[in-house]
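S.K.: Chain residues, written in single-letter form:
Protein chains: 2
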Amino acid sequence: MGIKVTILGSNSATPAHHRHHSAQLVNVEGRYYLVDCGEGTQLQMKRYKIKAQRIDHIFISHLHGDHYLGLVGLLSSMHLMGRKKELHLYAPYGLSEIIRVQLKYSETAFNYEVIFHEVDTESHRVIHEDEQITVKSIPLSHRIPCSGFLIEEKVKNRRIIKELLPEGLPVNKIIQLKKGQDITNESGEVLYTYQELTKPPRKSYSYAYCSDTRYDESIVPLIKGCDMLYHEATFLEEHLDRASTTFHSTAMEAARIAVKAEVGKLLLGHFSVRYKDILPLQEEARTIFKNSHAAIEGKSYILDD
Amino acid sequence: MGIKVTILGSNSATPAHHRHHSAQLVNVEGRYYLVDCGEGTQLQMKRYKIKAQRIDHIFISHLHGDHYLGLVGLLSSMHLMGRKKELHLYAPYGLSEIIRVQLKYSETAFNYEVIFHEVDTESHRVIHEDEQITVKSIPLSHRIPCSGFLIEEKVKNRRIIKELLPEGLPVNKIIQLKKGQDITNESGEVLYTYQELTKPPRKSYSYAYCSDTRYDESIVPLIKGCDMLYHEATFLEEHLDRASTTFHSTAMEAARIAVKAEVGKLLLGHFSVRYKDILPLQEEARTIFKNSHAAIEGKSYILDD
Numbered sequence: 003m004g005i006k007v008t009i010l011g012s013n014s015a016t017p018a019h020h021r022h023h024s025a026q027l028v029n030v031e032g033r034y035y036l037v038d039c040g041e042g043t044q045l046q047m048k049r050y051k052i053k054a055q056r057i058d059h060i061f062i063s064h065l066h067g068d069h070y071l072g073l074v075g076l077l078s079s080m081h082l083m084g085r086k087k088e089l090h091l092y093a094p095y096g097l098s099e100i101i102r103v104q105l106k107y108s109e110t111a112f113n114y115e116v117i118f119h120e121v122d123t124e125s126h127r128v129i130h131e132d133e134q135i136t137v138k139s140i141p142l143s144h145r146i147p148c149s150g151f152l153i154e155e156k157v158k159n160r161r162i163i164k165e166l167l168p169e170g171l172p173v174n175k176i177i178q179l180k181k182g183q184d185i186t187n188e189s190g191e192v193l194y195t196y197q198e199l200t201k202p203p204r205k206s207y208s209y210a211y212c213s214d215t216r217y218d219e220s221i222v223p224l225i226k227g228c229d230m231l232y233h234e235a236t237f238l239e240e241h242l243d244r245a246s247t248t249f250h251s252t253a254m255e256a257a258r259i260a261v262k263a264e265v266g267k268l269l270l271g272h273f274s275v276r277y278k279d280i281l282p283l284q285e286e287a288r289t290i291f292k293n294s295h296a297a298i299e300g301k302s303y304i305l306d307d
Numbered sequence: 003m004g005i006k007v008t009i010l011g012s013n014s015a016t017p018a019h020h021r022h023h024s025a026q027l028v029n030v031e032g033r034y035y036l037v038d039c040g041e042g043t044q045l046q047m048k049r050y051k052i053k054a055q056r057i058d059h060i061f062i063s064h065l066h067g068d069h070y071l072g073l074v075g076l077l078s079s080m081h082l083m084g085r086k087k088e089l090h091l092y093a094p095y096g097l098s099e100i101i102r103v104q105l106k107y108s109e110t111a112f113n114y115e116v117i118f119h120e121v122d123t124e125s126h127r128v129i130h131e132d133e134q135i136t137v138k139s140i141p142l143s144h145r146i147p148c149s150g151f152l153i154e155e156k157v158k159n160r161r162i163i164k165e166l167l168p169e170g171l172p173v174n175k176i177i178q179l180k181k182g183q184d185i186t187n188e189s190g191e192v193l194y195t196y197q198e199l200t201k202p203p204r205k206s207y208s209y210a211y212c213s214d215t216r217y218d219e220s221i222v223p224l225i226k227g228c229d230m231l232y233h234e235a236t237f238l239e240e241h242l243d244r245a246s247t248t249f250h251s252t253a254m255e256a257a258r259i260a261v262k263a264e265v266g267k268l269l270l271g272h273f274s275v276r277y278k279d280i281l282p283l284q285e286e287a288r289t290i291f292k293n294s295h296a297a298i299e300g301k302s303y304i305l306d307d
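Respectively, the protein sequence lines represent chains L and E.
Okay, so the first sequence: first residue is 3 according to this note's numbering, each after it adds one.
Okay, so the second sequence: first residue is 3 according to this note's numbering, each after it adds one.
Looking at chain L on its own, in the form it has when it is part of the complex (with noise of 0.2 Å):
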């Protein structure tokens, strides 16, 4: 499997229509990523059966509280069910001290670390990097400071032609054959190249979340060609001026930027309380770009062969 994204909240401000705060689990290959953490976000994964021990990283858009408010909650959930591992946070100026004020008050000490990586939100570049994948802010344009995130996944391994391989080839041997090298014996001579045993790897898969921004073509270079994109859709075009004014775009605006950064799929998001049916911005999108969907909560968006 390469990314599967799960919609935990995909409403803006308000929760409504049982739709709720927004929230997204990234799924690489088993490793969890929480984007955001709106108010109930541990309930939607009490719902969705989505282990919060699991996740090692945390990254937070910004400092609105549709982004944020189930953080604590969260945080104080895996103190209790007995979490030792650190926890990485990744968000823009405020949030360590919003979070530092909360347990003050409530004199919590967590029994893990939390380690705070703030995020420049007016820069492109590397904040998290793993053996799996490197995740890139990508400044917004919002009424606050705010960022999204591009996740790629680095260059997979060879897959290997698992009717070729020699019977008994120790696993060490088979590892080097997953990164390309060839195997030789003691005095060098090649036994087996890793083109006969092996196929090329699975393509690298790539997620740009972008939410809360208005507008901006700016973005379009940083996201380019990314296999998916989640673009904030708060209006239908028809709010184009309320859209304006409050620094959020319409679903229009959102396939207009998957048509110029020639994305592979758009996904639609943090809807407007006003919409009970969200299917209208999906169908918007999708007179320009073809690959709209409005996204479901509960449903996982799956990027893989």
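Honestly, the hints are just simulated from the structure, not real lab data.
Note that this is a predicted model, so its numbers are computed, not measured.
Hints are not guaranteed to be accurate.
Below, a list of computed lysine-lysine pairs in the DSSO-like style, where the Cα atoms sit at most 27 Å apart [unchecked claim]:
no. : chain 1 : residue 1 : chain 2 : residue 2
1   : E       : 278       : L       : 53
2   : E       : 106       : L       : 106
3   : L       : 175       : L       : 201
4   : E       : 51        : L       : 48
5   : L       : 53        : L       : 301
6   : E       : 278       : L       : 86
7   : L       : 278       : E       : 48
8   : L       : 278       : E       : 86
9   : L       : 164       : L       : 180
10  : L       : 48        : E       : 48
11  : E       : 292       : E       : 262
12  : L       : 51        : E       : 278
13  : L       : 205       : L       : 164
14  : L       : 48        : E       : 301
15  : E       : 48        : L       : 301
16  : E       : 158       : E       : 175
17  : E       : 51        : L       : 278
18  : L       : 48        : E       : 278
Pulled from the structure, derived: some chain E residues nowhere near chain L, Cβ distances all over 10 Å [claimed, not checked]:
no. : residue
19  : 33
20  : 34
21  : 163
22  : 169
23  : 180
24  : 279
25  : 307
By construction, the Cβ of each residue, glycine as well, lies at the ideal position given by its N, Cα and C atoms.
We have chain L already, so just place chain E on it with the hints.
M.R.: Here is chain E on its own, set in the frame of chain L:
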């Protein structure tokens, strides 16, 4: 109607078994008072069709997250839904800073005034009074400063005996009778006594909310004879040690307080996540106090004639 208490959350620490963090709506003849506001309270209010804007007074017992983490979200929603009228918040020292820090980073100013009332958690005194009720603090014994709340209805008006009422009696005269004043003519002669046209007022009810606390008999005189007591019952008596070390109570201890205080009815809540089934807590309390009830979310407990 007298007092109607609707349970919005009944679990402690972390939400589990479809139970939520502490919150209760207290409805006194159509006026709404919110007591505690754990994460997701606004979602629970939507579920049970409770209009948030009708709430003008919110009482927070203490600053453990499971009792207030839904507050900023609720206040923000009130703002976004157009609230203009002021809101009163009663809580121990610290809540105003917690809210202020969050509004600072979200660069938000509500369109209505939030008036903070700091509750002295070490004294039993009137913290709110209006035409209908008096609310007094109840010092509780918990790990951090914590206050319960005693809500007492004021003496109600006498009740008109409709069939005896002279035809055409103006409204202001009827109000006089309800207040226990005779009706006189211009020269001061008594035309009707209030005794002949009215019967005594209905009973004034009282409700005590005591969460979180360890077993502490010092609250007994403060809640003596109240019609309904909500007392936390985090554990069964078999986990008394755990209750002691965490400054919580068992169901048996809650019942002991109910017996000593001679209350009318006992509501149990703030259940530990370890109990999927809460009936054993109710059964334990009933062994010494028969009118004990494990609080059920969504259910209303009514004090009325």
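S.K.: Next, verify each hint and record whether it holds.
M.R.: Each hint tested on the structure:
1. E:278 x L:53: The hint holds at about 18 Å.
2. E:106 x L:106: Given that 27 Å is the threshold and the Cα spacing comes to 18 Å, the pair holds.
3. L:175 x L:201: 16 Å, holds
4. E:51 x L:48: 23 Å, holds
5. L:53 x L:301: This hinted pair holds, its Cα atoms lying about 16 Å apart.
6. E:278 x L:86: 25 Å, holds
7. L:278 x E:48: 15 Å, holds
8. L:278 x E:86: 25 Å, holds
9. L:164 x L:180: Roughly 12 Å separates the two Cα atoms, so the pair holds.
10. L:48 x E:48: 19 Å, holds
11. E:292 x E:262: Roughly 13 Å between the alpha carbons, so the hint for residue 292 of chain E and residue 262 of chain E holds.
12. L:51 x E:278: 17 Å, holds
13. L:205 x L:164: Holds. Residue 205 of chain L to residue 164 of chain L sits at ~19 Å (cutoff 27 Å).
14. L:48 x E:301: 23 Å, holds
15. E:48 x L:301: This hinted pair holds, its Cα atoms lying about 23 Å apart.
16. E:158 x E:175: Between residue 158 of chain E and residue 175 of chain E the Cα gap is close to 17 Å, so the pair holds against 27 Å.
17. E:51 x L:278: Distance ~17 Å between residue 51 of chain E and residue 278 of chain L Cα, so the pair holds.
18. L:48 x E:278: Holds, at roughly 15 Å.
19. 33: The claim stands: residue 33 of chain E keeps its Cβ more than 10 Å from every Cβ of chain L (closest is about 23 Å).
20. 34: The claim stands: residue 34 of chain E keeps its Cβ more than 10 Å from every Cβ of chain L (closest is about 18 Å).
21. 163: 48 Å, holds
22. 169: The claim holds: residue 169 of chain E sits with its nearest Cβ about 51 Å from chain L, beyond 10 Å.
23. 180: 41 Å, holds
24. 279: 18 Å, holds
25. 307: Holds, since 38 Å exceeds 10 Å.
Of the numbered hints stated above, none is contradicted by the structure.
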